[in-house]
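Protein chains in written order, with my numbering: chain R, 1 to 251; chain G, 1001 to 1251; chain W, 2001 to 2251; chain F, 3001 to 3251; chain X, 4001 to 4251; chain H, 5001 to 5251; chain E, 6001 to 6251; chain A, 7001 to 7251.
One should not assume that every hint holds.
Think about it this way: if two alpha-carbon atoms lie no more than 25 Å apart in a straight line, the pair counts; the simulated SDA-like pairs of lysine to any residue are [as the list claims (entries may be wrong)]: (1) H:LYS5102 / H:ARG5115; (2) E:LYS6102 / X:LYS4102; (3) G:LYS1102 / F:PRO3061; (4) W:LYS2102 / R:GLY58; (5) E:LYS6102 / E:ALA6200; (6) X:LYS4102 / W:PRO2057; (7) R:LYS102 / E:GLU6086; (8) A:LYS7102 / A:GLY7058; (9) R:LYS102 / R:TYR72; (10) F:LYS3102 / H:GLY5058; (11) W:LYS2102 / R:THR66; (12) W:LYS2102 / R:THR60; (13) F:LYS3102 / G:THR1066; (14) X:LYS4102 / E:ALA6126; (15) H:LYS5102 / A:PRO7061; (16) H:LYS5102 / A:TYR7203; (17) A:LYS7102 / G:PRO1061; (18) F:LYS3102 / H:LYS5102; (19) R:LYS102 / R:LEU92; (20) G:LYS1102 / G:HIS1069; (21) E:LYS6102 / X:PRO4061; (22) F:LYS3102 / H:ARG5103; (23) H:LYS5102 / A:THR7066; (24) R:LYS102 / E:ALA6200; (25) X:LYS4102 / W:TYR2203; (26) R:LYS102 / W:TYR2203; (27) F:LYS3102 / H:GLU5086; (28) A:LYS7102 / G:THR1066; (29) W:LYS2102 / R:PHE55; (30) E:LYS6102 / E:GLU6144; (31) G:LYS1102 / F:LYS3102.
Calculated from the structure, these hints are not laboratory results.
There are 8 protein chains.
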Amino acid sequence: MDPSALRSLLARVKRGEVSVEAAEESLRATPFGDLTYATIDHHREWRQGHPEIVFAPGKTPDQAATIAHQIYERSGRTLVTRVSAEHAAALLARLPDAHYEKRARTVRCSPQATRTGIVVVSAGTADEPVAFEVRETCRFLGHEPRLIADVGVAGIHRLLRRTEDLRAARVLVAVAGMEGALAGVVAGLVAAPVVAVPTAIGYGTGLGGLAALATMLNSCAANVACVNIDNGVGAAVMAALIADGGAEPAS
Amino acid sequence: MDPSALRSLLARVKRGEVSVEAAEESLRATPFGDLTYATIDHHREWRQGHPEIVFAPGKTPDQAATIAHQIYERSGRTLVTRVSAEHAAALLARLPDAHYEKRARTVRCSPQATRTGIVVVSAGTADEPVAFEVRETCRFLGHEPRLIADVGVAGIHRLLRRTEDLRAARVLVAVAGMEGALAGVVAGLVAAPVVAVPTAIGYGTGLGGLAALATMLNSCAANVACVNIDNGVGAAVMAALIADGGAEPAS
Amino acid sequence: MDPSALRSLLARVKRGEVSVEAAEESLRATPFGDLTYATIDHHREWRQGHPEIVFAPGKTPDQAATIAHQIYERSGRTLVTRVSAEHAAALLARLPDAHYEKRARTVRCSPQATRTGIVVVSAGTADEPVAFEVRETCRFLGHEPRLIADVGVAGIHRLLRRTEDLRAARVLVAVAGMEGALAGVVAGLVAAPVVAVPTAIGYGTGLGGLAALATMLNSCAANVACVNIDNGVGAAVMAALIADGGAEPAS
Amino acid sequence: MDPSALRSLLARVKRGEVSVEAAEESLRATPFGDLTYATIDHHREWRQGHPEIVFAPGKTPDQAATIAHQIYERSGRTLVTRVSAEHAAALLARLPDAHYEKRARTVRCSPQATRTGIVVVSAGTADEPVAFEVRETCRFLGHEPRLIADVGVAGIHRLLRRTEDLRAARVLVAVAGMEGALAGVVAGLVAAPVVAVPTAIGYGTGLGGLAALATMLNSCAANVACVNIDNGVGAAVMAALIADGGAEPAS
Amino acid sequence: MDPSALRSLLARVKRGEVSVEAAEESLRATPFGDLTYATIDHHREWRQGHPEIVFAPGKTPDQAATIAHQIYERSGRTLVTRVSAEHAAALLARLPDAHYEKRARTVRCSPQATRTGIVVVSAGTADEPVAFEVRETCRFLGHEPRLIADVGVAGIHRLLRRTEDLRAARVLVAVAGMEGALAGVVAGLVAAPVVAVPTAIGYGTGLGGLAALATMLNSCAANVACVNIDNGVGAAVMAALIADGGAEPAS
Amino acid sequence: MDPSALRSLLARVKRGEVSVEAAEESLRATPFGDLTYATIDHHREWRQGHPEIVFAPGKTPDQAATIAHQIYERSGRTLVTRVSAEHAAALLARLPDAHYEKRARTVRCSPQATRTGIVVVSAGTADEPVAFEVRETCRFLGHEPRLIADVGVAGIHRLLRRTEDLRAARVLVAVAGMEGALAGVVAGLVAAPVVAVPTAIGYGTGLGGLAALATMLNSCAANVACVNIDNGVGAAVMAALIADGGAEPAS
Amino acid sequence: MDPSALRSLLARVKRGEVSVEAAEESLRATPFGDLTYATIDHHREWRQGHPEIVFAPGKTPDQAATIAHQIYERSGRTLVTRVSAEHAAALLARLPDAHYEKRARTVRCSPQATRTGIVVVSAGTADEPVAFEVRETCRFLGHEPRLIADVGVAGIHRLLRRTEDLRAARVLVAVAGMEGALAGVVAGLVAAPVVAVPTAIGYGTGLGGLAALATMLNSCAANVACVNIDNGVGAAVMAALIADGGAEPAS
Amino acid sequence: MDPSALRSLLARVKRGEVSVEAAEESLRATPFGDLTYATIDHHREWRQGHPEIVFAPGKTPDQAATIAHQIYERSGRTLVTRVSAEHAAALLARLPDAHYEKRARTVRCSPQATRTGIVVVSAGTADEPVAFEVRETCRFLGHEPRLIADVGVAGIHRLLRRTEDLRAARVLVAVAGMEGALAGVVAGLVAAPVVAVPTAIGYGTGLGGLAALATMLNSCAANVACVNIDNGVGAAVMAALIADGGAEPAS
């Protein structure tokens, strides 16, 4: 039910053409899918501009494929994250045109992304799965980000050589584990907002990404905000919203 | 030295009108202030669009006032945060037109802010100092945000009544201590990006804001990113950048 | 040995019909089962109104089945939690009428539950195993709770649509991982007490449920109390006791 | 506006006697107080059966007294917690009949409590401020609890001698710092639900109450649920709700 | 080299019968075994009254068996802890008279223990492996402890019924996971010192035994001291030393 | 009421010379003091061999003095710990013969201690307050310990020079903050049991004594057990019990 | 491109023999390898005196072998750490002269090391893998360290017997898990700087090496600095730099 | 007693000119000062090349001055750290030539430092007290370090402009709070070893320096080792040892 249909329904209620009970019935029936194992939040697309992203863990391959397919049918695009090989197989069987990005553990089916302005920077090879999850999510949201990989701060000249590319961004996503210093250094080099994603890469006092997170939250640069450890999806959603200029205020 | 002056200097170097040594000398001499107790980063304005924000703790009232005054002379605006009453007195003596916002612990001197699109939401009365720091920083950056206070999730109807106002934002800042759930709930109500600021308000397991931070980082909503506990400045900088549409990419 | 038997025994001691030594012998012999690998606390039913609930981990399938069977023989009902598939097979072989709820990892054998007034609310699909453990434990205790699933706060409208159902509860159990904000929001919507169960669902800073727990303990709503992470049994016991009006005070 | 007034208003809307706009105006205007420094949630009484409890920290004595007075005018009772001596003086000046319980740091003004069934058990002398906060909050809610103090588990016989008193409760509140074992031991002695309040009493590894909290959350007894460290208010609210038989389900 | 041999050697040095160099050579050569993968500390028996206890993890079955055998040859007793099934097989092949206590994961070969006075108390079935490790280590040290199992505080009457047995101890070892309250309650019942062993049993906020440890360290009873989580060996060594009356002071 | 009086009372109950009700009345009335602010546990002396030790924090000087005096009247000795200067003044006014050990923050009144065998070792000057609390508590318990101060492991030769003194102990108490390594090194030098007391001395990663505690709990030496941070009383009680050969088993 | 080539290139730019664009092109093309899965930092050798050390986890055996081979081709030495058996096989196939040190999980190919002055001390058998990683890395850097194993502080005499060997070092590396006290004790015995490596060896409160790390950071000896848990590579790099007298200052 | 005196004494023992008892007496009497409140470790100078550094906290001004004076008398130099104003006054009264560096909280009396090669880099103004403590300690050890202040990574160009100065160091000390990234970035720019000192500067998730410490321990650069938070003394001792080429191996 799109917004104009809703307004029309309400107007009919007001005019007495539809009883309150019937209207309520109608509204209740519409917006949620009715798979027994999950309430698909189709309202979300209307509310937030993109359909729900499916988190695969805890769902069987078949469940994940069914949900993703239903979303795709309705919205013309779908993204499933943290998929196992089994999930991927089931998804590709149901959505033959989907793209399985193995390193990112994602399956995506969406139109060619065309918007630009997002740059994704990652510190080391081991951070690439998260960087790729960021990229796949950006694509699902209509953005084709530029990826600058393996530019950790321990060899700062590798990063500095890319300063021009960094400054060409409207918004950046910095992905780093270990010491996590990349986000703060990048933020000092650019005027753009930086969305920082700590990764669980590291050992010992890395504490599964907590050290990188702490570094990022304590950044001396003010143009940094963080998402949860390994949360490539959240970073991409934030970055896409920023690149799009924030929300278009409801008039 | 503004960007065109720099380019001109480099061109003169190229044309041999200025020796490399002289040019270097000139560049070295220019961009940093030379107070003995701090290196003012005047480059920052050129690089990031706004002058350095002065963090008062650890500086004497006189030092803070001198630095702020020097920045104001150069840039026409200045902001000092976490000021004590003594800091404030020294600053107002040197900058008579400045505004001392006692609850926010800020002293600011800047032109009337005119840009809009930022909404600051705070959970409880005790979160207001941070919310006010956000607002003062936004004003320093040229934005006049709308403030919606005391709408914590324990009385969700108070928040829901403001849904329309929330949806009118291009970007939101959610300020909350205690359980910190406000950010995630707000993010679920809007399509805009939400910058979350945990505050140290609470006791016991609140752990000085760590509980609120954890809540925000684990938000099920994807359009949320966090800054450090009580970091109103960082949240405002991120929000202003987002409201301005991210960085204007260098051409 | 039921309470009246005990009182009778003591009266006979007083009247000298039974020696102190014999009485002590008798009392010692009675209340505990004598399996070598566990002391079944049959006193518990007399003391707390329901037989001991069997925690399967650390017990062999055969041990678990023997204990459960002995309890069932004595009390007419039994509940085994956190069962593996092997435990379940052994239990069903010994208790053919038992119900194996696979997602909850429980095996239960008890009369049809008839009491109502408990509502179990869960945030996401992944929280369902714990929500189902709550339900199975409630049934074992004679209560048939209403289950409202997948109503996390990131899509608050899904929850609000169920406000009427929530307010129909005498007591609620809120099950949530990730940010754990569900408990506080629900508590703000109702007048009833809310028993909060954090789950280990999440990653990174979720810290295996600690983030959700912290959120719940710091709830601004006062009508919330928490149990351990994933402790569906404890939540159900609390909820059943509350729905029954607390303990019937001993006269 | 009480529930019947609301229903009447809505009926008039339906009958066209009041326009939707006027009704909305009326509803918006009513339920919130309009002090500039706080939005008093008068809806809460209607929704939750008791007026908002005022948390003093962060409010000036005058603010606290004004808010408390306004609540008292409207509801006939008020409770302010965590008061300083200055808060207390201002409150007593405005509410001469109020009771200042110094150890609990509360000021309360409410009718004589008459309901019974709550027993508050505390471990050591140092836990009494929290135990008294529980009692004052219970009284505000209409309950006169029985207080059993200084019965920590290190001298278990002191506790066991009170078994009969413990078993006379419909619900118990266990208040303990240090090792926090009291809650679990009490829960093993009774059939009633136990609301556990860890206190910050202790030193070193007590970690400001976290050790006691951990003990309580890990209790082997299932009839225990916890509130935040030192949260006497929350424990009392839960206990009163339980003693009252949970919420009266909305029909 | 036993103490008298050492004294004799030194006397001969003093009398000039042995050069300092030769004496040093002799002393250096003697006390350490020379397996390439471990320096067996044979000095320990002379210094501490019992041979080194072998910790199996990180050693191959063959290494463990060789070390244990060499110790046995020299000292007439040996104890290997945390053995895998493979370790056990290799040990039993080399030491046919050894006793493999599967639940304790120990292999022990030592004379019949005869000393008494130690009582080992454990809270739940799942704590038994640690309780058994305590018992096996006590036996290796010449003590036959009394084991009182499954007497956790949630059913305090089970523990109290054993008060007489507890008071018969010269020293107690309390083994408990989950809430860990057993140690403090036992310590309140007896005059004897209590060595507390937290176990990793539990889940969620149990934090792998940290919650139980915190409880024990914060015990209100003063006659409690703790060892590391699951450290049955340390607890047994302490208990045996205490039961033996502390060290026999060197004259 | 001493043990023989109790046995006599029970015998009279048995012979019918005293009614059960009267006996109960008598038993209830006797063992607890009836100060309103604290239940003095006079049973403790009978049960544990020494009267309750008074913890001053949270008690007014007058309360502390009254309690201490009442214990002294009854038992001929008393110990108050963590006293402020005000506590000390009030105590000395009431107990003129008491000894105020300022660095230990204790006031003690007890007969000359005569038993020996305890050695207290401390790492640095800053650990002395805790070492002195250990000594004062030992004296209260009838033991005169030997104190070896300032022998931290960073200058291991200072410690090794005292090896003979260490080996003369029946039991040792090791007091150390910072890295806390003293306990393990001492334990490796002696055959006696070592009670380890971490202190809060240190900074940064010392975490208020948690680092020292962790070191002690992870000691490779098996003859070490720990008490809470700064818990000199607990260490002394354990040490005295051990030096006395554990509890005298009840016959 | 070695430093003199670079200087030559720049001079030619200055003389106009090479355009800025061409020079930049040339510089960009040179220093980085261009494998798609990793940017080999060949600059590092020029900058830091040794080629990049390859961290195997997250790389396929083939990737690791290709990278290592390319480094070896260029630099005449290579080191791969944390290799699996599969990595080792692939590496040995490509680098037949390499040395696979299984316990250290390293594959190294480098000229015979000749420099001395480093002593590596380790506490227990289980710490050897890290000690061996230190040794292999030292060898890669041209140093042949002396290894003193199994000299933990619980048997301090084993360590003290090696005092002379310890004092012969120019720099020491101390490797220890469990309590981690070895570093501080060694530092007290020598005048040389000590690089401390905590290992994850231990259990319970060892917290995966955090306890050992805390001990080392809180060492009372000032000549200690730490690297991350299990970071044998970092310790070896520091030690080699120190043994070489720090960096040769650029003239 | 210097080394040659010691050797001489031992030779006389050997020749029978001095009895063993007298020699022992003599050795025992010599090396330790005998102030009652502290054992001054005069051995340290002989063992480690510099006299003990006095840590003021926990010592009275008079004690600190007495100890420092005694050390100065013996060694010709002394350093007292973490002094209060009162400590400083007492020290300057006793050591009129001493230098009180207020920001560093040190009092030092030592010959003009002449050795060079140490560079101290600090991130922000607030880190200067620690940087100055490093410098004062270096001077006490005979080194005059170069100080490069206020070059945090958020404005990386400020740091990069000093690359040449950084590369001129034989060893560097990096002092940083907040995110602590400075150490890793500096380490990537130089070939020299870097001693990292986290400071407690920051707030919220800075956790009193733990975040900066974690960043430094997880640095991707291998030439970094850390000391405790705010431990300027330790960093200076390490740096001086490194600049001196490690220990001069005992021949």
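Take the C-alpha atoms of LYS5102 (chain H) and THR7066 (chain A), compute the straight-line distance between them, and say whether it is at most 25 Å. holds (22 Å)
Take a quick look at whether LYS3102 (chain F) and LYS5102 (chain H) sit within 25 Å of each other, Cα to Cα. Between LYS3102 (chain F) and LYS5102 (chain H) the Cα gap is close to 31 Å, so the pair fails against 25 Å, i.e. violated.
Holds or violated: LYS7102 (chain A) to PRO1061 (chain G), with C-alpha atoms at most 25 Å apart: holds (18 Å)
Starting from LYS102 (chain R), check that the Cα of GLU6086 (chain E) is at most 25 Å away, please. holds (21 Å)
Would you mind confirming whether the straight-line C-alpha gap from LYS4102 (chain X) to ALA6126 (chain E) stays at or under 25 Å? Holds, at roughly 23 Å.
Quick one, are LYS2102 (chain W) and PHE55 (chain R) close enough, alpha carbons at most 25 Å? holds (22 Å)
Need the status of pair LYS3102 (chain F), GLY5058 (chain H): alpha-carbon distance at most 25 Å? holds (14 Å)
Straight-line Cα separation of LYS102 (chain R) and TYR2203 (chain W) no greater than 25 Å? This hinted pair holds, its Cα atoms lying about 20 Å apart.
Is LYS3102 (chain F) within 25 Å of ARG5103 (chain H), Cα to Cα? Violated: LYS3102 (chain F) and ARG5103 (chain H) sit about 32 Å apart, past 25 Å.
Please verify whether LYS6102 (chain E) and ALA6200 (chain E) have alpha carbons no more than 25 Å apart. Between LYS6102 (chain E) and ALA6200 (chain E) the Cα gap is close to 18 Å, so the pair holds against 25 Å.
So if I understand the rule, the pair passes when the alpha-carbon distance is 25 Å or less; does LYS7102 (chain A) with GLY7058 (chain A) pass? holds (19 Å)
Given the hinted pair LYS3102 (chain F) and GLU5086 (chain H), is their alpha-carbon gap at most 25 Å? Judged against 25 Å, a Cα distance of about 21 Å means the pair holds.
Of the hints listed earlier, those the structure fails to meet are numbers 2, 13, 16, 18, 22, 24, 25 and 31, in rising order.
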